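Q: Top line first, the protein sequences correspond to chains A, B and C.
For the first sequence, this note's numbering begins at 21 and goes up steadily by one.
For the second sequence, this note's numbering begins at 44 and goes up steadily by one.
For the third sequence, this note's numbering begins at 32 and goes up steadily by one.
For the record, the hints were derived by calculation from the structure and aren't laboratory data.
Where hints are given, some of them may not hold.
Said to hold, decoys possible - Some chain B residues close to chain C (C-beta under 10 Å, calculated; not the full set): (1) Cys45; (2) Gln91; (3) Ser161; (4) Pro249.
As the list claims (entries may be wrong) - Calculated cross-link-like contacts (lysine-lysine; reagent style DSS-like; alpha-carbon spacing at most 25 Å): (5) Lys394(A) with Lys278(C); (6) Lys154(A) with Lys337(B); (7) Lys167(A) with Lys154(A).
Source: prediction; values computed, not measured.
From the three backbone atoms N, C-alpha and C, an ideal C-beta is built for every residue, glycine too.
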Amino acid sequence: MAVATSYEFLDKVIHATPDGEKIRKCLQCGTCSGICPYGFAMDYPPRSLIAALRADDWLGLLESDTIWLCVSCFACANVCPAKIPLTRGLLATLKTEMLVGGSIPQELQVALGNSRRYGNALGEAPSRRAEWVKGSPVPVPVLTGRKEQTDVLWFVGDYGSYHPRVQLVSQAMARILHALEVKFGILGAEEVSDGDAQASAGEGGLLALLARKNLRAMGKYSFKEIVTADPHAFNALKHEYPRLGLRHPVKHYVQFLVERLGRLKALLKTPLPMRVTFHDPCCLGRVNDNNIYEEPRELLRAIPGVKLVEMSHNRTLAICCGGGGGGMWLDGFSWEKAGTRTTDWRVKEAIVAGAQVLAVACPYETPRFEDAVKSTGNEGKLVVKDIVELLAESMFG
Amino acid sequence: MCGEVCVVVETLRGEVTDITYTLLAAGRQLADGLKTRLTAVLIGHEVQALARTLGKAERVVCVEDASLADFNPDAYLRVITTIFEPHPPRVVLFGHTALGTDLACGAGRRLNIPVVTSCRTFSVEHAELRYSALTCGGKIIATGRLPAPSCVATVMSGGYRTEDGKVEKTPAIETRPVPARLDAARTRFKQYIEPPAGDVDIAKQPILISVGRGIQSKDNLALAEELAQALGGVVCASRPVIDQEWLPVTRLVGKSGKQVKPKLYLAIGISGAPEHLEGVPEAETMIAINTDEKAPIFDVAHYGATCNALELMPLLAQKLGQ
Amino acid sequence: MDIVVLMKLVPDLVEDLEIDADSGLLDRSFLRLVPNELDEHALEAALLLKERHGGTVTALALDVGDVDEALFTAVAKGTDRVAKITGAGFDQGVGNQRLAALFQEALADVPFDLILTGTQAVDDLDGFVGALLAERLGLPYVGYVTRIVPENGKYVARKEYPGGLNADIEVTGRVVLGIQAAERPPRYVVTSKIMEAMKTASIEEIEAGDAAADAEIRVTAMSLPESGTHAEMIAGSAVEIAEKLTKLLRERGVVT
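Pulled out of the complex, with its shape left as it was, chain A reads as follows (with noise of 0.2 Å):
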C-alpha cells in the first residue's frame, strides 16, 4: 500500500484529487513558497516539493518531517497560477504517506489517536459530550430519544463541546437562537468530530470513520438544516459528507445569522463602542473556495458602536491562525521547527491596525489568539472575542 517512487506518488496525486492532473502545468514560480505562512521553516515548500518529486527525491522527502509545519490555510492553492490543488491534492496526500509509513509527531499522534478511540481529538469521555449544556443559562435541547421534527441540527463540535472558553462561544449561540425563536436540537453524546482537520492532517480515512458515526445519529433525527459555528465543522459537512450520504443543507452561523439580520439588528440594543478587527477563518474563506468574507462583517457592522478596521492581511490574503491540518496539535512540534507563531503574527497585525477587539468566528482561534495575546505581551491591550459572544454581548447587557 506504500508508495515506494515519486513517480507511484504523483500519480497518486493525480488520480485521487480533482484536478490533479494540474499538477503537471507547475512553472515553478514560488509564489506558493513565497505565500506559505511557514514555508521559511520547511525542507520542501510546495515548490520544492514539486521539484523534489520531479527529481525522484522521495527518500529525501520521507526523510523530512517538516510537512507537519504545513496548516492546510489554502494560501497556496489560492495563489497558484496554475490551479494546482495544492493542500488537498499535494501536500495531504504526502502526510498520508508518512502516517502510512509510521511517521508522525508524538502530539499528533495523540490526537488522531484520541479522534479514533473517542471521537474527539482532546480525548474527553464521550458521554460528557454535552455536560456544557448544563452551564447554559438558556435550554439546549439534545435530540436523543426524541421524535419531534426539530428545524436546526446545530452541530456543536469538539471545542464548543469541551473546551472550557470555547463553551462560552456554545453559551452565546444558544441565547442568541432562542432570541431568535430558532426550533434547533444538537446531536449531545452522539456527536463526534466532524474529521476535518484530521483529515487534513493526512487521516482521510479517519473522516470517513467518524462520518459514517455522526451520519448514522443525524439519520435518526428529523431536520430541516444543519447549522454549525465551526468552520471546519461546515467545510466538512459541506464538501465531504455529500458523498457519504448526507443530504441536508449546512450552513456556517454567519450565513444563518446574515440571513435573518433584519430580526437580529432589532435586537441589538446595547452599543459596543470598540474597534475591531476580524480574522478571516481559512476555513470559510479560501478553502475549498468557500469564499465566505462579507457576512461575518455585515454582523459586526449591525451591532451599534463597532467600528470596523481591517489588518493588513484580509480577506483571501488573511494569515492562517495555525491551527489547521493538525495544526492544533502541533504546538510543540511547530515552535521547535519554526521559532514563531502564525497566531503571534495575526495579534501584532490586529494591534497594528488599531484593534481593540479581535473578532473570529472558528472555535480553534479563541483559544489560540488569546494565548498569542499573552504570550506577545499584549494582554490587556487586545481582546479576543467570536461574533457570537460580540452580538451576545450587545443583545444581553
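Using the hints, position chains B and C against chain A.
A: Here is chains B and C on its own, set in the frame of chain A:
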C-alpha cells in the same frame, strides 16, 4: 510455617527497602489478629546485619548465597518455594513493586494458592482476614476476604506507616540451606544500569511542580518552568510526560521513579493514579489542578481547583512575582 | 524468533466508573473496554524485535468488547497472526487466574520462543496474567521490562527498578516477559490501513475448553473512594484562583 503470617523481605543493593517495613507493619497486624507468629524471609548474600532491623517479626529465616546477592527472579522463586512448601503460611506478603510482583504470582502458583494484588490495608475480625485493594487507576476500592487456608498478597505503600514496621528489637535469626540446583536458575543478574547523573535530584527539592498528561504538549512545559522559577522550585512529572521524553527520567515521580516528600507538591494535570501517588507518600502541602473534579488526586491533595492549568500557571507565576 | 503477544481489554478510565447496586461490583453494562496500554507496548516491543531479528508475531486475546478492532489494528501494525478465545460469559469480567488458564489452553499448539504481555493492567486484582501464565507453562518470568536484546541464544531483559535504576537480567530458554514500556511509544497506524486489514485479514477463533481456574479470589464489594479526606476546592476564575493560591502559599510559609 502453617497458619503463620510471613513477609518476604525486599532488599536492594545491600539495604532493606522501605516497602519491607510497610509489609512488616501489615504483617504484624495480621499476625496479632490471628494470634500467630510473624516470620520474615530474607534472601541474599551476607544479610545477617539486615536481619537485625526486622524486629517486628518474631523470627527471620535467612537463605544466603553469593548467587543470591542481587535480585534474580528464577533463583529467588526456587528459594521461596522450598521455604514455604509443603505447608504454606496463612498469608505470604510481598511488596507490590517491580521485585515483589515478579515473585508473588509465581509463588502463588507453585504453592497452588490464590494471589491478591494491590492491597493497601488489611483488617482482622474474628480470625477472618479482609483486604482492601485499590484498582482501576485508584478509582475503585475492592474489598474481600483473604482466601483461606492460605494465600499470597502484594501490598502497596501508603496504607501503613513505615515507622510501624520498625522496632528496637532483634528477632530470632534462623539460617536455612540453599536449595539444590540453584545454578540451574534460568535467569541471571548481569549488571545495574545507573540513572543518568548530572540532573537535579528531585527527592531533595522542597518545592516541586509536577506535570502530567494534562500539560498536553512539550511546549506547555515552559509555563511550568516559569512557575517553578517564581516558586523557587523544580519541575518534575508523572509517567506519561517522561514516556514522551519531554523530561528526563530523573524527573519521574512515582513507583518507577523517585519518591519525594517535599514542602510543596503542585500537581498539574495529574489524575492521581496509585503508581504516581506512590512517588509522593507525603507532602506538607499538596495542591492539585485538574479539570476532572472526580480525579483521584483530589482525595489526596490538601487543596484543589478545576480550572484550566494552562491558564492558571502564568497567572500564578505573575502573582507570586508581585 | 516467534513471539506471542497476549492482549487484554480493560475498563477505560476516561469514563466514569459506576458500581452496580445489585452485585456490589463494577457495573459492566456501560463500561467501555479499551486495549490495555501496557499490552500495546508489548506489541510494539514484539514488532521491533521482528523488524530487527526476523520471525513472526502472533497476538492473542479474549473475545470481549471491541477486541476485533484491537486485533485488526495489530494486523495493520505488522502482526502476522491474530486469534481470539471465544466463550460464554466473558463480558462479566474474567480474573487473571482464569485468563492465564485460558491462554495456556489456547497456546497448546502454538509454537513460540518468547511471550510478551503488559506487566500489569488497571483492573488487576488476582495477580499479573503474564507471571501466572509463566508458571503454568513452567517458564521463567521477568516483569517491568523496557528492553529486550537477544544475545548468544539468550535474552537480556532490561528491568526497571524504583528510583530510575535499571538492571539487565539474562534469561536462558523460552520466557514470559512483562513489558513496562517498549523502546519507543506504540506506533500510530493510519485508519485506512486498519480498514484494509478488516477486509483482508481474518481473526482465528479458538474455542475455550473447560480450562478452569483454581485459586480464584472473590471480591465481596467494590466502592468509589470516599471523599472523606477530599481536597479543599478553590473556586473562581483563573485569576481569582491564582490570587487565593498565592495567599495560601504565603500563609503556609511556602513562599515569602
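Q: Look at each hint and say if it fits the structure.
A: Hint by hint, here is what the structure shows:
At its closest, the beta carbon of cysteine 45(B) sits 18 Å from a beta carbon of chain C; the interface hint therefore is violated under the 10 Å criterion. A least Cβ separation of about 24 Å between glutamine 91(B) and chain C goes past the 10 Å threshold, and the interface hint is therefore violated. At a threshold of 10 Å, the smallest CB-CB gap from serine 161(B) to chain C is about 7 Å, leaving the interface hint in force. Given the 10 Å rule on beta carbons, the hint for proline 249(B) holds: about 8 Å separates it from the nearest Cβ of chain C.
In summary, the hint linking lysine 394(A) to lysine 278(C) is supported, as the alpha carbons are separated by about 23 Å, within the 25 Å threshold. With a C-alpha separation of about 17 Å, the suggested pairing of lysine 154(A) with lysine 337(B) holds against the 25 Å cut-off. For the hint pairing lysine 167(A) with lysine 154(A), the CA-to-CA distance comes to about 22 Å; that is within 25 Å, so the pair holds.
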